[in-house]
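Model the placement of chain B on the given structure of chain A, informed by the hints.
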Amino acid sequence: MRIILRHAAIGAVLLLAVDAAAADRPANEVTVTIDNFAFTPATITVDAGTHVTWTNRDDIPHTIVDAAEPRAFKSPPLDTGESFDHTFGSAGTFRYFCSLHPHMLGTIIVR
Amino acid sequence: MMDQDEHHTGHSRRHVLECMVWAGTGVLWTVNGGVPQSRLLGGTAHAAETGAFSFLQISDSHIGFAKDPNLDTPGTLREAMALVGQRKHEAALLIHTGDVSQLSKEAQFDTADQIIREAGLQTHYVPGEHDVLVDDGKGFFARFTPGAPRGWYSFDQQGVHFIALNNVQDLKAGGLGSLGPDQLEWLKRDLADRAASTPIVVFAHVPLWTVSAEWGWGTQDAEEALSYLRRFGSVTVLNGHIHQVMQKVEGTLAFHTARSTAFPQPAPGTAASPGPIKDLPPGKLRGMLGIAAITRVQTATPLAIVDTPLGA
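Residue numbers (this note's numbering), protein chains in the order written: chain A, 1 to 111; chain B, 112 to 423.
One or more of the hints may lead you astray.
Said to hold, decoys possible - Straight-line Cα separation of at most 25 Å, DSS-like style, residue types lysine-lysine; simulated pairs:
| no. | chain 1 | residue 1 | chain 2 | residue 2 |
| --- | --- | --- | --- | --- |
| 1 | B | 389 | B | 216 |
| 2 | B | 395 | B | 178 |
| 3 | B | 216 | A | 74 |
| 4 | B | 249 | A | 74 |
| 5 | B | 389 | B | 178 |
| 6 | A | 74 | B | 199 |
Claimed, not checked - Just a sample of chain B residues kept apart from chain A, beta carbon distances all over 12 Å, derived:
| no. | residue |
| --- | --- |
| 7 | 173 |
| 8 | 179 |
| 9 | 203 |
| 10 | 220 |
| 11 | 231 |
| 12 | 256 |
| 13 | 264 |
| 14 | 280 |
| 15 | 287 |
| 16 | 297 |
| 17 | 337 |
| 18 | 339 |
| 19 | 344 |
| 20 | 355 |
Simulated from the structure, these hints should not be mistaken for laboratory data. Heads up, the beta-carbon is just placed ideally off N, CA and C, and yes, glycines get one too.
Chain A extracted, bound-state conformation (with noise of 0.2 Å):
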């Protein structure tokens, strides 16, 4: 629960800076669930600003680290029920897996 609490905080901020940046226009708020060992949906495409959240609904821990280096991200083992999150700043395609359980896969596209 400290984890959700302390990501949702900075989320908060960032949605704050976002919100003072362009007050016409909502921040955007995107969900990935883990089950089955796998990200659903395991490919998304985002506008600039989008916070994706990912929470782990298996009887297993995983982790959301981005595949490329150095990371931009990396989650700490998130047991179930637990949530990640991270906004998405600027373009580009953001590969990631967990990095217990290296075949799950996800791409995060920001426009």
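For chain B alone, coordinates are given in the frame of chain A:
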């Protein structure tokens, strides 16, 4: 692989396997004339042959996991260690092939450590991916592999050369388990001057053969490691990770995976994911957990002759 059972008990292979599942005990491994053989470990198992060298394996205790089908993983680890205790007099050592904990927490490591220590048997560990989730695994290595800060090491026991490998760190996106170039280089050096007649036991968490690429049950660079091992006359590779017994023999290499002491996982392709089998019928959990014992028999067969060259 079960010939020895048939000779001693008159049971058919099928019957022995059924008994093994029903009894939920485990498998006794015999490295006999270079060929490992498995047989029943439990109430009807026979005493160790004179001169045999035995050791035991436990795996995947996942202390901290408390969901269906097992709300008490410390309890089932204690039961596994009671089985270990029954064989303690004939076992030289115990190995744990990783996933000691569920979430790499100090308290989880400590619970496992306390339970396993009670057997009073020298224990050698390798990490599972659940054991190195925080701080690059430093907590695990400090407690369970002191002297091997990256989790790989080797030692000799009664003429058998044991090699502990770490294939659960620095995994690459889309890949499998990984040994990495530093560890492979170490392994090559470790084996370089050894006589080909030295019996080798390799243990690591993730299987060193590809059980299921789709589920990530394999090791990316295992082939490189196996290429250093193929010249040896007897190589036994012991793994965990997949929470079920699977075996493969490839020339002089014999691969074997152990049961978990915590929860079973499905056979590849029989479920939507490799997660725990949750909907077990009542009373069936313990039949799917267990330990393994490995014995090297030195009598009643041609003796293993170890030739040592004066130089490389």
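These are the hints, each one checked on the structure:
1. B/389 / B/216: Holds - the C-alpha atoms of residue 216 of chain B and residue 389 of chain B are around 24 Å apart, at most 25 Å.
2. B/395 / B/178: 16 Å, holds
3. B/216 / A/74: 19 Å, holds
4. B/249 / A/74: 18 Å, holds
5. B/389 / B/178: 8 Å, holds
6. A/74 / B/199: Since the Cα atoms of residue 74 of chain A and residue 199 of chain B sit roughly 44 Å apart, the hinted pair is violated (cutoff 25 Å).
7. 173: Since the minimum Cβ distance to chain A is about 9 Å, residue 173 of chain B lies within 12 Å and the statement is violated.
8. 179: 8 Å, violated
9. 203: 33 Å, holds
10. 220: The claim holds: residue 220 of chain B sits with its nearest Cβ about 15 Å from chain A, beyond 12 Å.
11. 231: For residue 231 of chain B, whose nearest Cβ neighbour in chain A is about 32 Å away, the distance exceeds 12 Å, so it holds.
12. 256: 19 Å, holds
13. 264: Non-interface label stands for residue 264 of chain B: nearest chain A Cβ at 23 Å, farther than 12 Å.
14. 280: 9 Å, violated
15. 287: 7 Å, violated
16. 297: At about 22 Å from chain A, residue 297 of chain B clears the 12 Å cut-off, so the statement holds.
17. 337: 21 Å, holds
18. 339: Holds, because the least Cβ-Cβ distance between residue 339 of chain B and chain A comes to about 24 Å, which exceeds 12 Å.
19. 344: 34 Å, holds
20. 355: 16 Å, holds
When each numbered hint is compared with the structure, violations occur for hints 6, 7, 8, 14, 15.
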